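Here is how the chains run, residue by residue.
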Amino acid sequence: MGSKTEALAKQFEKVFDDLELVIGWETGFDSLHATPAFIRQPSALGRLIWNPFCSHNLSGYLTKTLNATAQEDAKKIGICVKGCDSRSVVALIQEKFISRERLYIAGIPCRGTVDLRRLMRLKPSLKDVNTVHIEGNELAVETARQTHRFPLQDVLLRKCLQCRYPNPVLYDELIGEPLTPRVTEGQAPPFVDKLEAHSLEQRRVFWERELDRCIRCYACRNACPLCVCQDNCILESRMPKWLSQRSGMSEKFFFHMIHAVHLAGRCTECGECERVCPMEIPVALMKEKLNQVVKELLDYEAGLNPETQPPLLTFDPSETGI
Amino acid sequence: MRIGVFVCRCGTNIANTVDTEAVANKALEYPDVTHATDYMYTCSEPGQQEIQQAIKEHALQGIVVAACSPRMHEATFRRAVEKAGLNRYMFEQANIREHCSWISSDIEANTRKAMDLVRMSVEKLRFNQPLFSSYVPINKRVLVIGGGVAGIQAALDCAEGGLDVVMVERESTIGGKMAKLDKTFPTIDCSSCILGPKMVDVAQNDNIHLYAYSEIDSVSGYIGNFKVGIRKKATYVDWDACTGCGLCTEKCPAKKCYDRFNEGLGTTTAINIPFPQAIPKKACIDADYCRYFTKGKCKVCQKLCPTSAIRFEMEDEIVTEEVGAIVVATGYDLFDDSVYGEYGGGHYPDVISAMQYERLLSAAGPTGGHIRRPSDGKAPKDIVWLSCIGSRDASVGRPYCSGICCMYIAKQATMTRDHLPDCNCYVSYMDIRAPGKNYDEFVRRAQEEYGVQYFRGRVGKIYPKGDRLIVQGADTLLGIQIEIEADLVVLATGIEPSDGARGLAEKLRISYDDYGFYMESHPKLRPVETNTAGVYLSGVCQGPKDIPASVGQGSAAAAKVQALFSRDTIETDPQVANVKEIACIGCGKCIDVCPFGAIQWKTLRDGSQKAQVLETVCQGCGLCNATCPPKAIQLQHCTDDQILAEVNALCG
Amino acid sequence: MKSEAASTPEQELRIVGFLCNWCSYGGADTAGICRFKQPTDLRIIRIPCTGRMDPLFAVKALIYGADGVLVSGCHPKDCHYAVGNYYARRRMEVLKRFLPFIGIDTGRFRYSWVSASEGQLWQQVVKEFSEQIHRLGANPGLHEKIDVEASLFLF
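Chains as they are written, first to last, in my numbering: chain V, 3 to 324; chain R, -18 to 633; chain G, 16 to 170.
Keep in mind that a hint or two might mislead.
What the hints assert, rightly or not - Pairs of lysine-lysine residues, derived as DSSO-like cross-links and limited to a Cα-Cα distance of at most 27 Å, are as follows:
#, chain 1, residue 1, chain 2, residue 2
1, R, K236, R, K213
2, R, K37, R, K64
3, V, K243, R, K561
4, R, K232, R, K208
5, R, K276, R, K236
6, V, K196, V, K66
7, R, K505, R, K526
8, V, K297, G, K92
9, R, K164, R, K362
10, V, K129, V, K6
11, G, K160, R, K505
12, R, K526, R, K208
13, R, K418, R, K442
14, R, K284, V, K98
15, V, K98, R, K591
16, V, K125, V, K78
17, R, K213, R, K488
18, V, K98, V, K125
19, R, K561, V, K66
20, R, K208, G, K92
21, R, K232, V, K78
22, R, K164, R, K232
23, R, K164, R, K505
24, R, K488, G, K142
25, R, K359, R, K164
26, V, K243, G, K160
27, R, K276, V, K243
28, R, K591, V, K66
29, R, K359, V, K98
30, G, K92, R, K488
31, R, K526, G, K142
32, R, K488, R, K208
33, V, K66, R, K213
34, R, K284, R, K232
35, G, K92, V, K196
36, V, K77, R, K583
37, R, K236, V, K77
Honestly, the hints are just simulated from the structure, not real lab data. Given the structure is predicted, the values throughout are model-derived calculations rather than measurements.
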């Protein structure tokens, strides 16, 4: 493999004169871990990688560490996006946090990225990986000694198992051929359905059990590309004081509700909140449900069209039935 | 904070079903409450004094009054605490009457509820901040929308008081519906004789600037400082040059144009002046009929006009006027009688509406004041009036009474008997509504002196027989079927809000009822005010009424404007949104959602963009507050902390 | 500190109302003036407009033990601020449909449109909603201690 990796570097090489930097992925502290890369010299483009470990949504950096708004004489920012990541970019453009003109987007059709925790549970001894790629329905991990194969079902991130947008919705250059979605549009989110099969009481208990582990580290919020308030988040604000420091179930519950409600009609389902959760709480699930509600009620999906306004920030007098 | 709680017994209104003493005692347990008592009538003079005294005696910093609805007495108590030296916003009112003592007789439950309500108010008060108004100058000009009699009256009264008036009328002349009437009930005054001089006054008054053939395009701003965009529709005639000589209307070859002023009886020319007394008396081209506009050539008027006033290239123009108050007097339209297919309105030429009949009676009308039926020009021998066409009929969506029809039927029938003594006049009615001064006497005179034959009942259908019409119905008093052979049938069409009333309401941000009549601020006590400060109502746009009532309301609206303008500044309500810049992330969502355009960008010295509230424009709805993700924008006096304090008082 | 209602007999439940000042709060006043009898569980918080209503106020109340939350404002088209309730109805409906997902009965949350003149309608809304909350019973609330055995393993 590696053809896409090479194509990525080549593509950025071509346009680097117009770029301030490139945000992509590179190999992290070991071969199992990819990590975000910020490349400011064309000579360093060789560090870029693309493989199923590149799960990070890099779009958050456009607002959180960089300022990707339109600025005079500023060079563009090159960024690598998967399908899901591209929706976050679109959502940020929609809400005018970043400017399309400032971006050079390399879109990568993606078959799914790996949930390292699941992989390591299956094969704790896994190390010294040479290459990793997806072959059909399997993840092939080639180590120095042998090639391990894992069914995708068992190792992909939860969001990838229900991915409807493997292809970037916005890009300047597409790296590779478009793919067929794993889940087609109109299909209910399978994990939402799974929980909804249970009674109200069981659902509450489910969340109590999951959220009981929450340590309120706010990693989910920090990773969320659409949590745009950053240092001014109301979770930590004293005036107004929405949430106390008490560490009870109610506070944990309310904290996650605040996060979810703030993302209603905005969440692009990149799954970063869940991926970064140190307690493995399926926090993205709440947002998936909200997205389903918004889709049913207002026929809207976030991060698809840079021109539209998120539905809870606008209105339609002719609406009936609500 | 040192908080004082005053629980009002309201005589027995509250005390009968709430243990006010227990509520006051309980209040002493709440945080920061240092003084609590109950009192017979807290709103009374001694009641207010008790509060003021307690403020001094106990050094109170905030007051909670548990009494009636704050919608009733909040202003009263705010004044009272202000007199005692507190900021008026250091006050909260718990509604233990309308929301508690009056809606349940369970004393225990009510007392518990009252305690909760007081607790919520106390908890909220702990987050209250002193707020201060600012003062903005009033632009002492008034806009009157609509040049019917109600608008004319309002404009004249304001102008006489020395105010600058801008009047906007969408037709090419003022006068409204009244200008079309022949006579007025119950005095049989000549309509144009009493309205005409007022119209001339409007034209001649230097304080009134009239925009005829114009409509409201946009409205922004707020009381004291509205900015109004007025669309001057293209008349294709330069009115500065036009002298109203009428030469063009004589020579215009397009002579078969619909005559709006005469309700389609007869025709007019494409360039026309609606009627001889029109104000302004200027010609206007109807582009739908003009041969130049429809066929590309003609321009006869342009060749003839002695002052070269014709401008075929004219386009709509938007002008902006700045005013401090707005009087809305948009009047009404008449119900479309063709909805009642069984009567054949619009189908049989001799079934006409009452306004058409009015034009037949008018000496300036198409028949020169002679009653001639439209089909063959013969003088009718039998005429039937049908009342309640589009009034008091839920099946056509008009359940309300139009209020004027009974009276104008009596007037028209009386006048008919005067004009044509041999003509038999029949009136089919549901009930006769004649509650005004000399009104019932007038109807009786029609019946008794003029021999107009009234029968109570609804007409079932009308169909032609030869060149006459058969009117079939029932006399419900006698319980018999009735059949009248008539030459002419007059449908007494009811009132509906004028076309476009809703669109205008949305521009003005005033509300309207199910039918499109504008909502007054209070049906009894604030009948000419709206819920939008600085916008007043006059005439039928608020609901059906006759000429005297419309004129009365015109004067009332003018009086309200005068009262407003008697001050030089208005005090702004400080309960508006406020941005904590350090927390603002500059996302602009508040700017997107604000219904009033009250939030704008502000660039800080570091180049960052923050939201900034224009406090005079902000109406205090709090939509921005609910929308702001980091809650950097807070609605003063209804902040998140204040609402959360009330929620926390109840839950958790 | 617990609210008064917490220490009362079981039959009284905690319903929090968020009413817009111009319409529904006035409607509740009208109902009072007309002496239309209503259940006593409701406690009303006055807000200027339903547009002021952050769905999180309702969530907060429900998570912290309210048995029901009622939001009421002007009829669509009649908003004193022109459009506040158009925003509100979207936000409230999304919330209403979401609540069951986290185990809160959708019947515990209602939004309605009642004008200042509709005292009778207000009485009906309060009666119906209070009865509904009584049928649902007290909010089971959240458990601080989790019984892992009884809980549901999904993933």
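These are the hints, each one checked on the structure:
| no. | hint | verdict |
| --- | --- | --- |
| 1 | R:K236 - R:K213 | holds, 26 Å |
| 2 | R:K37 - R:K64 | holds, 11 Å |
| 3 | V:K243 - R:K561 | holds, 14 Å |
| 4 | R:K232 - R:K208 | violated, 41 Å |
| 5 | R:K276 - R:K236 | holds, 15 Å |
| 6 | V:K196 - V:K66 | violated, 34 Å |
| 7 | R:K505 - R:K526 | holds, 15 Å |
| 8 | V:K297 - G:K92 | holds, 24 Å |
| 9 | R:K164 - R:K362 | holds, 22 Å |
| 10 | V:K129 - V:K6 | holds, 23 Å |
| 11 | G:K160 - R:K505 | violated, 59 Å |
| 12 | R:K526 - R:K208 | violated, 30 Å |
| 13 | R:K418 - R:K442 | violated, 34 Å |
| 14 | R:K284 - V:K98 | violated, 58 Å |
| 15 | V:K98 - R:K591 | holds, 14 Å |
| 16 | V:K125 - V:K78 | violated, 42 Å |
| 17 | R:K213 - R:K488 | holds, 17 Å |
| 18 | V:K98 - V:K125 | violated, 44 Å |
| 19 | R:K561 - V:K66 | holds, 21 Å |
| 20 | R:K208 - G:K92 | holds, 23 Å |
| 21 | R:K232 - V:K78 | violated, 69 Å |
| 22 | R:K164 - R:K232 | violated, 32 Å |
| 23 | R:K164 - R:K505 | violated, 31 Å |
| 24 | R:K488 - G:K142 | violated, 37 Å |
| 25 | R:K359 - R:K164 | holds, 23 Å |
| 26 | V:K243 - G:K160 | holds, 26 Å |
| 27 | R:K276 - V:K243 | violated, 71 Å |
| 28 | R:K591 - V:K66 | holds, 17 Å |
| 29 | R:K359 - V:K98 | violated, 73 Å |
| 30 | G:K92 - R:K488 | holds, 13 Å |
| 31 | R:K526 - G:K142 | violated, 38 Å |
| 32 | R:K488 - R:K208 | holds, 12 Å |
| 33 | V:K66 - R:K213 | violated, 51 Å |
| 34 | R:K284 - R:K232 | holds, 10 Å |
| 35 | G:K92 - V:K196 | violated, 40 Å |
| 36 | V:K77 - R:K583 | holds, 26 Å |
| 37 | R:K236 - V:K77 | violated, 69 Å |
In summary, the structure is inconsistent with hints 4, 6, 11, 12, 13, 14, 16, 18, 21, 22, 23, 24, 27, 29, 31, 33, 35, 37 from the numbered list given earlier, while agreeing with the others.
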